[in-house]
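Novice: With the sequences and hints as input, model every part of the structure.
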Amino acid sequence: MPYTPYTLQTILASSCVQREEPVPTPNTSTSFFSRRATSPPNEATSPILRLTSNTSAAVRIDSVGAWDNDLYCGTSEGTVLHYSLQDNNTSTEKTLTTRLERTINLGYGKKSVERILLIPQVSKAIVLCDSTLLFFSLPFFDPISASFIPPIKGVTCFSHDIAEEGRIGEDGTVELIVVKRRALQIYKVGESMYLKRELPLTEGAITLTRYGRILCLADHQNYKLINLQQSSVTMLIPTPQVPATTSTLLLGSQLIPKPLMAVVRKDEFLVVSGGSGAGSQTIGIFVNPNGDAIRGTLQWPSYPKSLCVEFPYVAALLSNHTIEIHNILDQNLLQRIPLDPVMEPRGMAFGHGIKVWMDALATSLKRSPWKQEPTDSELQVQLQREIIKYSTITARILLYGKDSVLAQVTTPLTIQVDGLLERNLVEEAMQLAEQAKNTMSEDDQGTVYAERLKSELNYTFQKSGLLLLKETLFDDAFTLLSKGDIDPRVVIQLFDDLMLDSWLHSPPPILLFESVQRLIEDMGDLKKIVNGSLGEFKEDGSSGVSDMRCVLLENAREALNKYLLTEREKRKHKLGQNDIECEVIDSCLLKIYMSQGDNDSIYQLLQHPNDCNIDECSKILYESKKYYALSVMYESKHMYEKALELWTRMHEGDLRDDDFKNGLNRVKELLLKDLETADLSLPAIMHYAWWLTKQSPRDGVEIFTRSPRARDMDPDEILERLEHYDNQVVRSYLEYLVNSLKSENPDYCTRLACSYIKDIRDEIKQNDGLGLLKELVDDFKRDINPYPADKDDDLSYSTFLGYLSTQKSQLRLVQLRLVLIRFLQRSNIYSPEVVMNALSEAGPLDIEKAIVFGKMNKHQESLDILINELYDFVGAETYCVTNGHSAGIIPSTTVPVRSSSLSEKPLPSVEYVSSDQMTERSELFMMLFNAYISIKDRCLNLYPMTGQLILYKSS
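Under full-length UniProt numbering, the final residue of the sequence shown carries the number 955; numbering is consecutive throughout.
Just so you know, the hints here were simulated from the structure itself, not pulled from any lab data. Possibly wrong hints are sitting among the right ones.
[Unchecked claim] Calculated cross-link-like contacts (lysine-lysine; reagent style BS3-like; alpha-carbon spacing at most 25 Å):
hint, residue 1, residue 2
1, Lys371, Lys355
2, Lys483, Lys470
3, Lys371, Lys591
4, Lys661, Lys781
5, Lys591, Lys625
6, Lys153, Lys180
7, Lys625, Lys371
8, Lys371, Lys153
[What the hints assert, rightly or not] Restraint-style ranges between C-beta atoms, simulated for each label pair:
hint, residue 1, residue 2, range
9, Thr297, Glu514, 24 to 32 Å
10, Arg213, Asn105, 24 to 32 Å
11, Arg822, Ser914, 40 to 48 Å
12, Arg181, Ser319, 26 to 34 Å
13, Thr919, Arg822, 43 to 51 Å
14, Glu641, Arg518, 27 to 35 Å
15, Arg213, Pro143, 44 to 52 Å
For clarity, every value in this text was computed on a predicted model and none was experimentally measured. Beta carbons: idealized from backbone N, C-alpha and C, even for Gly.
Specialist: This is the structure:
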């Protein structure tokens with residue numbers, strides 16, 4: 001069945017054409033179309049003359065124009081009849097009635113009103129009568145004073161710029177093209193009118209139309225295109241010559257030029273070519289601004305009386321009392337509308353449109369809440385407005401006869417579809433829907449027409465899908481229901497084990513077309529549908545029937561799975577926004593996956609943002625012992641405490657789930673996430689951090705040091721509880737406090753130093769470290785033997801610290817000592833007395849003691865260790881230069897340095913040295929000098945060093 005785009009609807013019957021102006025009286029109409037008060041005329045005081053068979057020849061309609069709910073008919077008697085369309089509130093169904101508002105006599109006798117052009121954007125109407133353009137105001141059709149806009153005489157044809165429809169120029173005007181015998185004039189029309197431009201036109205014109213810069217016109221010989229910007233003319237085809245409608249005894253039937261043209265859209269026009277000979281073909285040619293033929297051609301059996309384009313359709317009124325509708329896109333004939341010859345169709349007019357009420361469309365597209373009581377008054381008003389919007393169609397093409405006017409209304413798709421579906425022709429209905437869908441252009445997007453067609457398509461797909469569902473064609477049925485945007489709850493309620501009653505009553509309400517509701521109620525649930533499809537076999541208790549029933553139910557479930565995935569993809573932008581449809585879809589998908597044992601799909605659903613119903617799905621997962629899947633769902637819902645509870649119970653063996661792996665790592669990763677306090681409170685973090693510490697102290701202390709909430713934790717409490725674990729855990733947390741948080745708490749620094757010492761003490765005890773300590777000192781002493789003063793041999797180390805870090809750093813004990821030494825030299829916050837006691841208990845850690853003595857200002861003891869115990873002369877010099885803060889640098893790489901760097905290597909740069917510091921430094925060097933000259937071991941040649949000290953002091 002081909003798609004039939006149009007239906008004719010009478011808006012002015014022959015009995016309504018009146019010759020006398022009625023007397024207006026007050027009215028209280030509540031019409032949603034009316035803009036002013038109107039009432040029926042008083043029959044007693046204002047008799048109305050109606051056309052009869054005796055007077056019909058005297059009065060006929062020669063032109064029409066329409067806008068909104070106003071209709072203007074130009075008659076053969078030189079008058080304009082103004083009608084208004086109103087809704088009839090006396091009927092239970094909303095219908096329209098036509099009422100004559102007034103009759104306007106143009107004052108040109110009984111000259112025919114040839115054309116009425118309405119330009120609503122400037123509230124003007126333009127009438128051509130007796131070769132004169134007259135101007136009126138809209139909507140009341142009051143004549144405009146000649147002092148504002150004078151009539152234009154000698155006019156053969158005129159047109160507005162179709163590109164300006166619905167908008168005006170920056171100056172508040174629109175352009176009007178007027179053709180006289182030898183000239184073309186361009187006027188600007190607004191509150192007033194003035195001539196903008198005049199061009200010579202020697203051949204004149206019979207008719208014309210305009211879009212933007214291009215005029216399409218025809219004179220007695222040819223169609224032409226005129227480019228107003230370039231003032232260029234492009235010749236097209238000859239003007240058709242057709243027989244005149246009247247003939248004389250002397251001349252017989254004459255041929256007259258009858259050009260027909262229309263704007264298709266920007267830069268495209270349609271012109272008609274035909275002849276007068278028998279069997280001559282009439283074609284429509286599409287041309288571009290260059291005059292080139294584009295697309296294919298249209299064909300008619302005879303030359304049209306009139307032509308209108310409403311993209312993508314062309315409507316042509318033919319002399320055989322029919323209207324033919326072609327599709328511009330493929331040039332195919334879509335529809336042939338027969339007309340009653342009694343109406344004597346005279347022509348067609350294309351305009352801004354008049355509102356027409358479609359009862360059938362209102363009935364089809366009416367929606368109401370399903371499974372809910374309609375108590376929401378606001379919703380009822382909204383649905384009523386929706387019906388008014390969709391069922392009130394703007395008809396832009398008007399067909400007029402001698403005494404009647406019909407609107408060529410877009411045929412509701414629902415009316416055509418219902419006719420097919422009543423005969424169960426679902427496939428044909430789908431083809432019809434696709435044809436209708438393909439008629440929409442990009443320009444239609446966002447319009448009421450597009451919204452209405454979308455609603456009609458939804459209606460079509462939903463009804464068709466339900467009919468296929470009755471035939472157990474589940475895949476096709478659910479595909480159509482998805483295309484029809486039916487609420488997923490309607491589909492899911494067919495499956496008893498998946499649906500919750502609360503979902504049907506949750507807001508927003510399920511809105512369904514009323515005919516769709518009736519169809520759903522008749523169908524029942526899935527079991528009833530399947531039993532109905534088995535027909536006479538359903539009473540048979542054989543295993544074959546039972547197997548068939550099971551197969552159908554399983555097929556339905558698989559089709560539902562595909563349907564839900566499709567619907568989920570359509571709504572992925574709504575996930576996580578508490579959308580009830582998303583909740584229903586995700587919850588049912590989980591149930592289906594659970595019944596299928598599809599673990600991969602379960603985790604794929606739960607590991608990503610989802611809207612599974614917490615209560616329903618957690619109950620199902622827990623009862624099915626899918627504890628890990630339940631924890632994953634909790635995690636996706638930001639219910640982290642519940643997830644942690646399940647993980648800890650599974651790790652401890654209280655709950656068993658083989659899918660749960662790397663449990664401690666999962667707990668640690670979650671506790672280290674930067675989460676909102678509302679999602680996981682600090683007490684909960686601390687609770688599970690201590691649980692993790694009990695299972696794995698090293699992982700647990702990471703929570704205290706790396707958690708985004710670590711700064712909010714109580715360090716004293718943590719340290720107190722960590723004391724029950726090994727020293728490494730305590731040290732890690734102390735390093736975090738001192739090094740990362742830069743804590744200046746002396747207790748933390750002291751405890752950190754003591755923890756380093758404890759590691760060294762444990763290493764000494766475990767690996768006979770005392771012997772290694774002595775060996776390190778002896779090796780350094782042996783390698784530091786003095787050298788002749790006149791030699792300049794480089795050594796691979798200079799201080800005892802340099803020796804340890806470059807020569808012995810591979811030793812575990814040395815590594816531990818270097819960490820301690822670096823901290824002791826850099827920090828000034830720890831308690832040196834406490835640290836000294838710890839060092840004394842640990843063993844012969846001489847260099848460490850020298851550093852701590854320096855912190856205690858016991859410089860003599862420090863120098864004594866450096867010189868007499870370690871023979872670390874460069875370390876002693878460094879100690880003096882740094883005012884007792886350092887006994888050497890711990891290099892990151894091995895760098896050969898000189899044994900004495902006082903003169904050969906610059907000292908560490910100091911930004912500012914106070915006088916007290918200089919005094920202290922001098923005293924230290926004096927101590928060092930005295931220590932050098934009092935060394936008991938005379939085997940050491942110290943003259944070079946003492947000489948350099950004297951030079952340094954004298955400088």
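Novice: Which hint numbers doesn't this structure obey?
Specialist: Of the numbered hints, 1, 4, 7, 8, 9, 10, 11, 13, 14 and 15 do not hold.
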